[in-house]
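*Asks:* Here the protein sequences come in this chain order: A and B.
By the working numbering, the letter at position 120 of the first sequence is numbered 171, and the numbering carries on one by one without gaps.
By the working numbering, the letter at position 222 of the second sequence is numbered 238, and the numbering carries on one by one without gaps.
Possibly wrong hints are sitting among the right ones.
Stated by the list, open to error - Lysine to aspartate or glutamate pairs mimicking DMTMM-like chemistry, simulated, CA-CA at most 20 Å apart:
no. : chain 1 : residue 1 : chain 2 : residue 2
1   : B       : 114       : A       : 217
2   : A       : 211       : B       : 86
3   : B       : 117       : B       : 86
4   : B       : 143       : A       : 213
5   : B       : 28        : A       : 91
6   : B       : 87        : A       : 135
7   : B       : 106       : A       : 135
What the hints assert, rightly or not - Partner residues are not named here, just some residues of chain A that face chain B (Cβ under 10 Å, in silico):
no. : residue
8   : 55
9   : 58
10  : 156
11  : 210
12  : 213
13  : 218
14  : 220
15  : 221
16  : 226
17  : 238
Stated by the list, open to error - Short derived list, chain A residues pointing at chain B, Cβ under 10 Å:
no. : residue
18  : 84
19  : 87
20  : 103
21  : 216
22  : 219
23  : 225
Just so you know, these hints were derived from the structure itself, not from any lab.
Note that the structure is a prediction, hence the values are computed from the model and not measured.
All C-beta atoms in this analysis are idealised placements derived from N, C-alpha and C, irrespective of residue type, glycine included.
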Amino acid sequence: MSKKWFITNRMTFTFILLGLVIFLFIIVPLIKMIAASDPDILLDTLLDPQVRGAIWLSLYAAIIATIVGFVLGVPLAYLLARTEFPGKKLLEGLIDVPIVIPHTAAGIALLFVFGRNFWAGKAFHLIGIDFVDSTAGIVIAMLFVSVPFLIDSAKEGFKKVDVRLEKVSRTLGASPWQAFFRISLPLTWRSILAGSIMMWARGISEFGAIIILAYHPMIASTLIFERFESYGLAYSQPVAVLLIIICLFIFIGLRTIVYRGEKT
Amino acid sequence: MIQIKNLYVDLKDFRLQDINLSVSEGEYFIVLGPTGAGKTVLLESIAGLYPIESGEIWLRGKEVTQLEPEKRGISIVYQDHALFPHLSVKDNIIFGLKLRKQTKPEAEAALDWIAGLLGISHLLNRKPNTLSGGEQQKVALARALSIKPEVLLLDEPLSALDPETREGVQKELRQLHNRLKVTTIHVTHDFEEAIALGDHIAVLGEGCIKQVGTPEQIFRQPNSEFTARFAMARNIFAGEVIDRGNGNTMFCTEDIELAVVTDLRGKLHASVRPEDILISPELLHSSARNSFGGTITYIADRGSTFYLTVNLPPDFVCLITRRSLEEMGLAEGQKVYITFKASAIHIF
């Protein structure tokens with residue numbers, strides 16, 4: 052690049068510099084942490100049953116939360132994309148509230164409904180599900196804070212499907228269910244999958260709401276916190292590195308699937 | 017065959033009301049109206065895709081007003097074709113057949129028949145987004161016809177196409193209808209398209225049906241200012257194109273013979289735009305093939321322009337500016353000559 056380029060593209064150059072600062076801010080701590088880890092200690096950590104259990108629980112509980120979010124959230128997203136009613140904007144705003152409130156506050160709010168002394172807690176207790184200090188509690192905490200990502204993404208996806216496609220399918224003999232499953236849903240799957248990945252990732256990274264509702268059994272983020280509090284940086288770092296590496300692999304894999312679909 | 021009785025549809029900013037239409041078996045019925053007149057909503061109401069406030073829809077003597085769209089047997093082709101983008105052309109066409117639980121051989125046979133009829137057999141494995149506008153149109157028609165509908169609804173089927181394609185598709189629509197005799201309701205804002213295709217035409221404007229009649233009735237005897245304004249934009253004549261030899265193609269009506277440029281032959285329509293007609297006090301010697309003498313019978317003031325009706329017979333409506341009118345001192349009852357080129361006549 053010549054000197055002239057910098058003069059004629061001053062704005063682009065400035066933006067690149069600014070962008071570089073924030074990019075480095077994101078990437079340097081992650082790289083530093085991974086680079087500073089000793090492979091032997093990492094291996095030892097990986098063989099530690101408590102660590103493996105916690106990471107597995109993080110992934111697993113987030114998957115359950117995502118499945119529940121899919122079943123309950125996608126129909127809602129469809130309704131929001133297809134219908135107009137008074138108070139719709141307010142409803143959409145409320146759905147996004149979990150994103151903006153402090154997550155410890157979210158955990159306390161959940162305790163008020165799903166705690167043992169409260170109605171939903173009692174009702175679920177009757178069918179053998181307790182939320183305090185249980186996997187079920189982790190799942191609902193993840194669901195609460197992450198389902199807006201799935202709903203919003205699916206809603207935007209449904210909005211992009213021309214309603215005439217559904218109408219044509221109806222005239223050709225499709226019931227409303229068939230029109231949804233054969234036309235709307237297949238045309239929205241990429242948005243829904245992208246939303247599901249976001250929701251799952253957000254679920255895995257959740258910490259605040261979970262320590263209020265279910266400190267035990269320990270998920271990875273709780274374990275990192277506990278080891279940091281009890282033993283210090285050196286002991287929490289390998290767990291964090293492992294979680295990041297596993298998540299990166301899975302996300303890169305899933306995103307590749309989504310983008311490959313986009314090209315064809 | 018299909019009757020619409022006192023249909024009332026609320027579209028928020030305006031409404032369709034007192035819509036009464038009766039379409040016979042096998043008829044090609046046109047609903048003609050300006051953009052934004054609610055034509056698409058009318059079709060969707062007939063198909064059961066748009067909620068109606070009141071009124072009745074009868075199909076073959078049975079009331080279908082409350083019937084779900086999938087049980088009516090009414091197909092629709094939208095202006096933008098609305099092909100399912102995730103399905104191949106083949107899967108688009110057999111979409112309705114699959115839902116009808118047809119066996120594979122039955123569906124294949126129906127597919128072959130309809131694809132052959134529309135000449136799209138070579139496109140079956142393509143995805144809709146790789147097709148041209150005209151091809152998409154045919155696929156949408158094939159998909160709509162595959163289920164052998166009682167009624168075919170066409171929403172501005174020609175307006176999304178470029179002019180060259182349009183003429184061909186218009187002809188094909190007519191031929192297709194002659195072969196299949198599917199009762200068709202076609203909405204359009206194009207007057208000539210309506211005249212060329214319709215067995216009957218209903219003029220829709222200001223939320224209600226202004227006039228129903230044969231094409232001749234609509235442009236000969238418009239019963240309202242609204243219909244007249246539609247027809248006013250053109251001089252339209254019914255007649256026959258005859259080859260006189262030596263490259264002389266003539267369009268003959270009862271009153272007049274016009275020199276035209278066209279490859280079409282037979283009983284057709286001709287139109288001349290009012291703005292394409294020259295007015296002169298003397299016979300003009302020019303390259304224009306059509307020149308006739310007549311009398312000004314009516315002058316309509318449109319502000320900076322005037323519409324003159326010149327009776328030869330028949331009546332020709334001509335558009336001139338205020339300045340031309342004043343400079344030539346034209347008045348009703350005056351004798352003038354009208355001149356226009358053979359290529360200014362549109363045959364359809």
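*Asks:* Evaluate each hint against the coordinates.
*Replies:* Here is how each hint holds up against the structure:
1. Our distance criterion of 20 Å between C-alpha atoms is met by residue 114 of chain B and residue 217 of chain A, whose separation comes to about 16 Å.
2. In summary, the hint linking residue 211 of chain A to residue 86 of chain B is not supported, as the alpha carbons are separated by about 23 Å, beyond the 20 Å threshold.
3. Straight-line distance between C-alpha atoms of residue 117 of chain B and residue 86 of chain B comes to about 14 Å, which keeps the hinted pair within the 20 Å bound.
4. The straight-line distance between the Cα atoms of residue 143 of chain B and residue 213 of chain A is roughly 17 Å, inside the 20 Å bound, and the hint therefore holds.
5. Restraint check for residue 28 of chain B and residue 91 of chain A: not satisfied, since their Cα atoms lie roughly 71 Å apart, outside the 20 Å limit.
6. In summary, the hint linking residue 87 of chain B to residue 135 of chain A is not supported, as the alpha carbons are separated by about 26 Å, beyond the 20 Å threshold.
7. Our distance criterion of 20 Å between C-alpha atoms is broken by residue 106 of chain B and residue 135 of chain A, whose separation comes to about 35 Å.
8. At a threshold of 10 Å, the smallest CB-CB gap from residue 55 of chain A to chain B is about 42 Å, leaving the interface hint violated.
9. Annotation: residue 58 of chain A was flagged as interfacial toward chain B, and the flag is violated, the nearest CB pair being 43 Å apart, outside 10 Å.
10. Hint status for residue 156 of chain A: violated, given a least beta-carbon distance of 42 Å to chain B, over 10 Å.
11. For residue 210 of chain A, the suggested interface contact is broken, since its CB lies about 15 Å from the closest CB of chain B, more than 10 Å.
12. Interface hint status for residue 213 of chain A: upheld, as the beta-carbon distance to the closest one in chain B is roughly 6 Å, under 10 Å.
13. About 5 Å separates the beta-carbon of residue 218 of chain A from the nearest beta-carbon of chain B, less than 10 Å, and the hint is met.
14. The criterion of a C-beta within 10 Å of any C-beta in chain B is met by residue 220 of chain A, whose closest approach is roughly 7 Å, and the hint holds.
15. A least Cβ separation of about 4 Å between residue 221 of chain A and chain B falls short of the 10 Å threshold, and the interface hint therefore holds.
16. At about 6 Å, the closest approach between the beta carbon of residue 226 of chain A and any beta carbon in chain B falls short of 10 Å, and the interface hint on this residue holds.
17. A hinted interface residue such as residue 238 of chain A counts as satisfied when its beta carbon comes closer than 10 Å to some beta carbon of chain B; here the least separation is about 6 Å, so the hint holds.
18. At about 43 Å, the closest approach between the beta carbon of residue 84 of chain A and any beta carbon in chain B exceeds 10 Å, and the interface hint on this residue is violated.
19. The interface hint given for residue 87 of chain A is violated, since its Cβ lies 47 Å from the closest Cβ of chain B, which is over the 10 Å cut-off.
20. Because the beta carbon of residue 103 of chain A sits about 41 Å from the nearest beta carbon in chain B, more than 10 Å, this interface hint is broken.
21. The interface hint given for residue 216 of chain A holds, since its Cβ lies 5 Å from the closest Cβ of chain B, which is under the 10 Å cut-off.
22. Taking 10 Å as the C-beta cut-off, the interface hint given for residue 219 of chain A holds, the closest approach to chain B being about 5 Å.
23. A hinted interface residue such as residue 225 of chain A counts as satisfied when its beta carbon comes closer than 10 Å to some beta carbon of chain B; here the least separation is about 6 Å, so the hint holds.
Of the numbered hints listed earlier, those contradicted by the structure are 2, 5, 6, 7, 8, 9, 10, 11, 18, 19, 20.
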